[in-house]
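Top to bottom, those sequences are chains A and B.
With the working numbering, letter number 34 in the first sequence gets 34, and the count goes up by one each step, no holes.
With the working numbering, letter number 141 in the second sequence gets 141, and the count goes up by one each step, no holes.
Source of the hints: derived by calculation from the structure; they are not laboratory data.
Just so you know, even glycine gets a beta-carbon here, dropped at the ideal spot from N, CA and C.
Just so you know, not all the hints are guaranteed correct.
Simulated restraints, written as ranges between beta carbons of each label pair [said to hold, decoys possible]:
1. B:L218 x A:R30: 55 to 65 angstroms
2. B:L35 x A:P123: 25 to 35 angstroms
3. A:Y29 x B:R169: 23 to 33 angstroms
4. B:R12 x A:G56: 29 to 39 angstroms
5. A:P123 x B:L32: 47 to 57 angstroms
6. B:L35 x A:R30: 33 to 43 angstroms
7. B:L218 x A:H64: 26 to 36 angstroms
8. A:K198 x B:L35: 47 to 57 angstroms
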Amino acid sequence: MPIIEVNHVTKEYQLGHITSLKENVVNSYRRMTGKPLHKREEFKALDDVSFSIEQGEVVGIIGHNGAGKSTLLKHLANISKPTKGNVIVRGSVAPLIEVGAGVNPELTGRENIYLNGAILGIPKKIIQQKLDEIIEFSELEQFIDTPVKRYSSGMTVKLGFSIATSLDADILIVDEVLAVGDLAFQRKCFDRMEDMIKRQGKTVLLVSHNIRQIQRLCNRVILLDHGRINMEGEPQVVCDSFYEQSDRKIRANIDHTKTHTIASGEVELVELYFLDHAKRKVDSLSYNENCSIHFKINVLEELEGVTFGFGFHTTDFLYLTTHNSEEQLNINRLPAGDHEIVCKVNRLPLLPGIYLVRFGITSGKAAAGVFYGESLAHFQVIGDIPITVRDGFFALEANWMQLGV
Amino acid sequence: MIKIIKNLYNYRELIAALVWKNIVIRYKQSYLGILWAVLKPIMLMLIFTLVRSFVGIDTGNIPYPILTFAALLPWVFFQESASEGVSSVTSNAPLIKKIYFPREVFPITAMVTKIVELAISFGILGGMMVYYKMMPTIYGLWVPVVIFYTMMVALGISFFGAAINVYYRDMSQALPVVLSLLMYGSPVMYPLSLVHQKLIVEQAAGHWSNDLYTLYTLNPLAGIIDSFQRVMLKGLAPDFEALYPGVVLTLVILPLSYVFFKRAENWFADVI
Numbered sequence: 001m002p003i004i005e006v007n008h009v010t011k012e013y014q015l016g017h018i019t020s021l022k023e024n025v026v027n028s029y030r031r032m033t034g035k036p037l038h039k040r041e042e043f044k045a046l047d048d049v050s051f052s053i054e055q056g057e058v059v060g061i062i063g064h065n066g067a068g069k070s071t072l073l074k075h076l077a078n079i080s081k082p083t084k085g086n087v088i089v090r091g092s093v094a095p096l097i098e099v100g101a102g103v104n105p106e107l108t109g110r111e112n113i114y115l116n117g118a119i120l121g122i123p124k125k126i127i128q129q130k131l132d133e134i135i136e137f138s139e140l141e142q143f144i145d146t147p148v149k150r151y152s153s154g155m156t157v158k159l160g161f162s163i164a165t166s167l168d169a170d171i172l173i174v175d176e177v178l179a180v181g182d183l184a185f186q187r188k189c190f191d192r193m194e195d196m197i198k199r200q201g202k203t204v205l206l207v208s209h210n211i212r213q214i215q216r217l218c219n220r221v222i223l224l225d226h227g228r229i230n231m232e233g234e235p236q237v238v239c240d241s242f243y244e245q246s247d248r249k250i251r252a253n254i255d256h257t258k259t260h261t262i263a264s265g266e267v268e269l270v271e272l273y274f275l276d277h278a279k280r281k282v283d284s285l286s287y288n289e290n291c292s293i294h295f296k297i298n299v300l301e302e303l304e305g306v307t308f309g310f311g312f313h314t315t316d317f318l319y320l321t322t323h324n325s326e327e328q329l330n331i332n333r334l335p336a337g338d339h340e341i342v343c344k345v346n347r348l349p350l351l352p353g354i355y356l357v358r359f360g361i362t363s364g365k366a367a368a369g370v371f372y373g374e375s376l377a378h379f380q381v382i383g384d385i386p387i388t389v390r391d392g393f394f395a396l397e398a399n400w401m402q403l404g405v
Numbered sequence: 001m002i003k004i005i006k007n008l009y010n011y012r013e014l015i016a017a018l019v020w021k022n023i024v025i026r027y028k029q030s031y032l033g034i035l036w037a038v039l040k041p042i043m044l045m046l047i048f049t050l051v052r053s054f055v056g057i058d059t060g061n062i063p064y065p066i067l068t069f070a071a072l073l074p075w076v077f078f079q080e081s082a083s084e085g086v087s088s089v090t091s092n093a094p095l096i097k098k099i100y101f102p103r104e105v106f107p108i109t110a111m112v113t114k115i116v117e118l119a120i121s122f123g124i125l126g127g128m129m130v131y132y133k134m135m136p137t138i139y140g141l142w143v144p145v146v147i148f149y150t151m152m153v154a155l156g157i158s159f160f161g162a163a164i165n166v167y168y169r170d171m172s173q174a175l176p177v178v179l180s181l182l183m184y185g186s187p188v189m190y191p192l193s194l195v196h197q198k199l200i201v202e203q204a205a206g207h208w209s210n211d212l213y214t215l216y217t218l219n220p221l222a223g224i225i226d227s228f229q230r231v232m233l234k235g236l237a238p239d240f241e242a243l244y245p246g247v248v249l250t251l252v253i254l255p256l257s258y259v260f261f262k263r264a265e266n267w268f269a270d271v272i
């Protein structure tokens, strides 16, 4: 039997301000006399959403802002009730929806541990047993008897997370909490989450904008779009599709505003295109095949000592690699007019996925930037990858052996 | 009914923790601390005593200050429980939006918090009884019953008011006004025996008198205050004739108010 069942859940909110008393009275009069009611515009935060989750599954929920992720979690945590449909949850729920919701600034850290424990439904005995562990995890030993109002915001969140994760519930509902504290603490939170998921076999629902985290932790991902389930399944597949969507949105914005390049006005990028190993103009390149990237530029003013550089990055701006023309291409003088620069890539090592190109030109002895742009073009890498490389962005050439055999 | 009580029992630790939080927070960083809680009944008692010195209110053989303090004790408890209860849900908006537990915990917590202040007032009343050399009698055992009844009356208002207040904040503004008017309609400044004397004995309002008296005692506080004074100070059993109209009204209102609250509860997180 699934531990969570969501059946055709629809949640409508009425837009605008709450109806005035007068409007309510008028409406009830109209209802009694059978006349049409004054209705406010309605907004469907969730629209006929159905899915079920089995015990021990780790499910990620992703989507753009306003796609209905948090609304969905609120329904699972029993905070909101659906307009239509129903939600069945068989087990205790630990809602880590914005940790520190119950943290009171006037109380000390220690007092807050007890208070929040009670709010989350942890018996006092268990809190007393776990008190040292919670304090240690929060790294706040020194400040635990200081009122929380004198804490930094990072300290408050650390405290909230430490309390919330000490709760022994069947289902964990996590909303963006891993983006807390400094890097070291984030690492710790992440490890604790992984521990709960992998070793304790808890059912976890995770909402995050950090898609890489979702991809790593979850075994199933639900992509929400405008309150509907757009896609559901393998993390890799769903996340890639989401990247593609975001990418399209980003590019739409770029086309619209054209502010993504920094140029001194001496050079313009006219065209950027890819040729595959057979010299065909393509949008998708094959893994482990040769290809070339062509930059057509229009030089408006003569340039001296020109160097070109390009790089690949992901849709979330993780810079993967760069290459520049220094030592390979010596251009002392680049006269005004159209030029085409080509960079040949041998056996493209990028694993299948969506990537983008950034490109820059520097000029003169001081290598002053005359052009720089990111997300200038995107391409898809396709092809079969060997079974030895699965995760990541690059294929690593390596060999295994056992010594002494 | 049993289900409700069982449910509350399950959340006893939460209620205890929230009550403790309320008390700690209210008096943190204040020098006099919880003593502020009893300032209100004492000030009102002093003012009433001053007024009485030139208005003249017959209190029988009981000194006026202690009689009025004994009236203020359940009155202030009721008034504060009700007005804190009404704003208890809205003032905990962050919790309502983030974590689920039965929402009736909030009005109940507000009321239980006031019990702590009530206990301090009892200490003062005890001190006054020693000063006036009054001995408690066996009828003092009625006190818990009277206080429990007061709690039910306060909850009857809290549940309904708290739910309304989520939608229309007018409620928390209007209630203090209504309650301070109600104080003059309750035997706080004057004893119930005066009302009884006028309406029942003297039949001051003609053939309306008996109905008017019932109407007056329909206010549960009339019965509560009178009973409290009788069992604490006069060594008498509660006057059931003055109690029953209020009890009947409370028995009707409290369940309705609770059901109303539970039905509204589903939308608190969306509207608050």
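For each hint, the structure was consulted:
1. B:L218 x A:R30: 55 to 65 angstroms: violated (35 angstroms)
2. B:L35 x A:P123: 25 to 35 angstroms: holds (34 angstroms)
3. A:Y29 x B:R169: 23 to 33 angstroms: holds (24 angstroms)
4. B:R12 x A:G56: 29 to 39 angstroms: holds (32 angstroms)
5. A:P123 x B:L32: 47 to 57 angstroms: violated (35 angstroms)
6. B:L35 x A:R30: 33 to 43 angstroms: violated (55 angstroms)
7. B:L218 x A:H64: 26 to 36 angstroms: violated (58 angstroms)
8. A:K198 x B:L35: 47 to 57 angstroms: holds (55 angstroms)
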